[in-house]
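Chemist: Take a look at the letters that make up each chain.
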Amino acid sequence: MSREQQAVARARKAFETGRSRSLEHRIRQLKNLQRLFTERQKEISDAVKKDLSKSEVGTQLYETLGLEGEINLTIRKLKEWAAPRPAEKNLLILADTAYIKPEPLGVVLIIGAWNYPWAVTIKPLIGAIAAGNAAVVKPSEVCVHTAKVMEDLLPLYIDKELYPVVTGGVPETQELLCQRFDHIFYTGNSTVGKLIMEAAAKHLTPVTLELGGKSPCYIDKNCDISIACRRITWGKYTNCGQTCIAPDYILCEPSIQDQVIEEVRKSIKDFYTDNPKNCADYGRIINQRHFKRIMALMEDSTVAAGGENNESDCYIAPTVLRDVKPEAKVMQEEIFGPLLPILPVSGVDEAIKFINKREKPLALYVFASDDKVIKRMTDETSSGGLLANDCLVHYSVSSLPFGGVGNSGMGCYHGKFSFDQLSHLRGCLIKKLKMEGLNSMRYPPHTPEKLGWARFFILKTVDLGWLGRMALLAILVTVAAVVLQNYFL
Amino acid sequence: MVVSNCSVQQQQAVLTGERMETQSQIVERLRSAFCSGMTTSEQFRQTQLSNLLSMITENEKLFVDALHKDLAKPRFEAVMSEIDTLINELRYAIANLSSWMQPEYVSKNIATKLDTCFVRREPLGVVLVIGTWNYPLYILILPMVGAIAAGNCVIIKPSEVSAATESLIAELIPKYLSQDCYAVVRGRPEETKALLQNRFDHILYTGSRVVARSVLQAASVHLTPVTLELGGKCPCLIYGRIDIDSAAHRLAWAKFFNAGQSCVAPDYVLCTQDTLNDLLPALRKALEDFYGKQPETCPDLARIVSHRHWTRLMELLRRSSGKVVVGGQGNQENKYIAPTVVVDVADSDALMEEEIFGPILPIITFESLERGIDFINHREKPLALYVFSDESSVVNTVLEKTSSGGFCSNDGIVHMSLPSLPFGGVGASGWGSYHGRWGFETFSHRRACMLRGWALERLNSLRYPPYQEDKMAWLRWTTSAKSSCSLM
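Protein chains in written order, with the working numbering: chain A, 1 to 489; chain B, 490 to 977.
Quick caveat, the hints were computed from the structure, so don't treat them as lab data. Computed from a predicted structure; not experimentally measured. Ideal placement from N, C-alpha and C gives every residue a C-beta, glycine not left out. Misleading hints may appear alongside valid ones.
To be verified - In silico SDA-like pairs for lysine to any residue, Cα to Cα no more than 25 Å straight-line: (1) A:372 to B:544; (2) A:353 to B:703; (3) A:221 to B:945; (4) A:434 to B:886; (5) A:266 to B:554; (6) A:101 to B:595; (7) B:602 to B:935; (8) B:960 to A:35; (9) A:79 to B:742; (10) A:79 to B:597; (11) B:558 to B:535; (12) A:269 to B:945; (13) A:221 to A:270; (14) A:202 to B:742; (15) A:432 to B:742; (16) B:550 to A:269; (17) A:202 to B:703; (18) B:890 to A:86; (19) A:202 to B:687; (20) B:782 to A:256; (21) A:416 to B:577.
To be verified - Quick list of simulated restraints, FRET-style, between CB atoms: (22) A:480 to B:762: 53 to 59 Å; (23) B:702 to A:457: 51 to 57 Å; (24) A:19 to B:730: 45 to 51 Å.
Construct the entire structure; sequences and hints are all you get.
Modeler: Quick look at the structure:
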């Protein structure tokens, strides 16, 4: 048996003991996970620094703080989420109980990504644990140091049979995908997403795919361009642009392009100093392969700001490109780097047409003071999520589902959505063997009279208002009859 | 209207409504209609749903006749399980559509208290519903209700096995629904395979696991999300103190409805020998109450859909090592199989190899409830699981220790009729769900929307570089409060 097969088999065996199901177990594991982040912050940050040159504060801000918040929320709400959810009844089953019972699926496979390795690998794990599953965690091999830290630390805090960490590259992932899972949660790109879905087809395994795409950012000329550009700069160059919901490119009218460039340049300087290369808060490209890929994207566009780079250091300065054409290289794939192309458009009409000609993105940004512009963007486009007048922060609202549509993915998570995504919502009808007489109208031999009654009962869902009024009327009539009988007759 | 194309490249034109076009042209035409935005308004959706409702109510007799032609389905069954359930769901959708379409405002965290956060249900685009033959009207049109309500354009592919219903649907849909936005595509498996090469925004497939795999593989090429309504062997566990007569009647009704050809029919029974001793005579009585002494002459018993399936079922019976204690007779000419009960069935019996999908009820005995539950858990998760018992502790134990698409105690099938319960499988019985609002949600994209203002930019500076420990401290303070909060 391969290492991967063993890990999956052990997880399944552990799941079948039933120990992952009790709420006490789930909460205990989540609290242990919480402790990992409190106690091992330094090791986590050091590894992320080595992988992505992210500062310690940056790691906390963008990775572990969010996870701690998610764990807190989940622990607090778990009892409510896991409880049976009552369902509306019809007349025929008024005396019965109908509800939806959330249940664990079994063994979940979580394939993480390298850009926010803790956030995108552990957040689904929180959902998997909360829903009572076992989970095999496969961190991205691209973030080498973080994968090692995950492999070393997770087993020290959470049940290592139920939640094994399996590290490795493509061959190991393929071996994992040959095993049978009850759900696969993948974060990454569309190309691999298709392969995952195809592999999952063999065992008819449902998948959640958190993919990417080119998230457009429309800046209306009538808005506070300075604030808009500040927020966009932050959203774009955080993690050196390696964020699945980074604003990928800007659409704006030619009349404001110069102003946008200037404001972005100002914000870059405020955030990362005149020399971002020496700024601790500015990251690096994950590896040389991606460095070369991103550099090649710049080739046929005009650099308006930045452009400096250093291959040995995987450094690319925060860069803005102007007057970019739709056919340019930089518009052919998700940039996932610190290049911000600006494409001039004649207005919101053209922007909407442009966006709709392309695949549905994971995020869509619109900066406008005019609510009508925002409404048009909302009504006339589709995307995983939409955020007006800021970037990225919709990710932080755990009562909003986070996920893509079309090429940007399927399924969603965060907060209760993670719990539901990794649960089976089982429809339950609890009946008693009483009132059999009522059932007889559905049994053969079939007669028109029986059919009449059956149709009456089936075709009415419970309108408690009506029923309540009828019941009240019946009571009043009875009381009146009793009173009449006793006092007047 | 005959479809005779076999590949995307070699498609011949087909007649849909009044146009001659290939499958790909149909998909493209519907996609253009979708992109024009015509399906998005509530009014449009309501009109189409009302028209669909009219299609059912105005042609009830035609549908009942077609269902009788395909499955010898008794009028009562056709009305109860296909016509009325659809009417119910359509009315439910029409009454609730407005509220389903409303933005759902969600709770916010401290950092976003001044913002507007809501979830918007949006149509996906062009969706495909592939039906099957056992409830050929209901299983095809019910998902369509959810898809229309959600604002999509819809292609429906009825099963060619239930040919009379297929024809009627293909004739009526273009008369009642917008031909720009909804189309019926007919054909055999080769045509369905070709159809699947087109790009859809969601596919809902009802049928077998084998075909489901190829649907999934085709879907993965375009990253199309799918809902799979598959089958499996739905166990029926009978245990403990019990009103055996009521149980036997309900069990027999659920099993032999539509001659056992229901994806949620109780496939086999698990009980103790003691229970079996009481169950058998009760079952015999129930069957005689329902179908008389000569079920073959009873108009209230349906027939097997095709000779191929009739042969499959009789072959299972022949290969079984169990003992037939009720029924067992068949008539190939009219595709009749008697309501049949088989005992002394082992786990390895022919009747336990695949989903029976016919009027044959194997009964397997076990010594203890634990063993019965283990038996169920060693097999694939079924679409439905039934328990008959007057003891609620028994019902709860089975519910807690097993998993299945849906669950019903002390009855069979009827949990499907509640639009408020999600109908779908888990594991090998499928994934995703529909019925009622669940159908609307399945065919929608839940788009997270957040509208921020321009004020309080200074507050934002907490998150901007240069990153400093004291800024971090403020952020920690806001996140340590009751709600979940983060900046990433």
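Chemist: Run every hint past the structure and note whether it holds.
Modeler: Each hint tested on the structure:
With a C-alpha separation of about 39 Å, the suggested pair residue 372 of chain A and residue 544 of chain B falls outside the 25 Å cut-off, and the hint is violated. Only pairs whose Cα atoms come within 25 Å are accepted, and residue 353 of chain A paired with residue 703 of chain B is rejected, the gap being roughly 35 Å. For a cut-off of 25 Å, the pair hint linking residue 221 of chain A to residue 945 of chain B stands: about 21 Å separates their Cα positions. For the hint linking residue 434 of chain A to residue 886 of chain B, the alpha-carbon distance of about 21 Å falls within 25 Å, and the restraint holds.
Taken as a hint, the residue 266 of chain A and residue 554 of chain B pair is broken in the structure, with Cα atoms around 75 Å apart against an allowance of 25 Å. Restraint check: the Cα-Cα separation between residue 101 of chain A and residue 595 of chain B comes to about 23 Å, which is no more than 25 Å; the hinted pair holds. This hinted pair checks out: residue 602 of chain B and residue 935 of chain B have alpha carbons roughly 21 Å apart, not beyond 25 Å. Straight-line distance between C-alpha atoms of residue 960 of chain B and residue 35 of chain A comes to about 23 Å, which keeps the hinted pair within the 25 Å bound.
At roughly 38 Å between alpha-carbon atoms, residue 79 of chain A and residue 742 of chain B are farther apart than 25 Å, so this suggested pair is violated. A C-alpha spacing of about 20 Å is found between residue 79 of chain A and residue 597 of chain B, which places the hinted pair at or below 25 Å, so the restraint holds. Pair hint residue 558 of chain B plus residue 535 of chain B does not hold up; C-alpha atoms about 32 Å apart against a cutoff of 25 Å. Annotation: proposed proximity of residue 269 of chain A to residue 945 of chain B holds, straight-line Cα distance about 21 Å (limit 25 Å).
Between residue 221 of chain A and residue 270 of chain A, the direct Cα distance comes to roughly 23 Å. Compliance with the 25 Å bound is thereby established for this hinted pair. Restraint check: the Cα-Cα separation between residue 202 of chain A and residue 742 of chain B comes to about 36 Å, which exceeds 25 Å; the hinted pair is violated. Between residue 432 of chain A and residue 742 of chain B the alpha-carbon distance is near 16 Å, which keeps this suggested pair within the 25 Å criterion. With a C-alpha separation of about 76 Å, the suggested pair residue 550 of chain B and residue 269 of chain A falls outside the 25 Å cut-off, and the hint is violated.
Annotation: proposed proximity of residue 202 of chain A to residue 703 of chain B holds, straight-line Cα distance about 9 Å (limit 25 Å). With a C-alpha separation of about 20 Å, the suggested pair residue 890 of chain B and residue 86 of chain A falls inside the 25 Å cut-off, and the hint holds. For the proposed pair residue 202 of chain A and residue 687 of chain B, the alpha carbon gap of about 21 Å is at most 25 Å, so the pair holds. Using a Cα cut-off of 25 Å, the hinted pair residue 782 of chain B and residue 256 of chain A is violated, with the two alpha carbons roughly 87 Å apart.
Proposed proximity of residue 416 of chain A and residue 577 of chain B is contradicted: the alpha carbons are some 31 Å apart, above 25 Å. Distance hint for residue 480 of chain A and residue 762 of chain B: a CB-CB separation of about 57 Å, consistent with the stated range 53 to 59 Å. Judged by the Cβ atoms, the range 51 to 57 Å given for residue 702 of chain B and residue 457 of chain A is violated: they are separated by roughly 40 Å. Evaluation of the 45 to 51 Å hint for residue 19 of chain A and residue 730 of chain B yields a failure: the beta carbon distance comes to about 31 Å.
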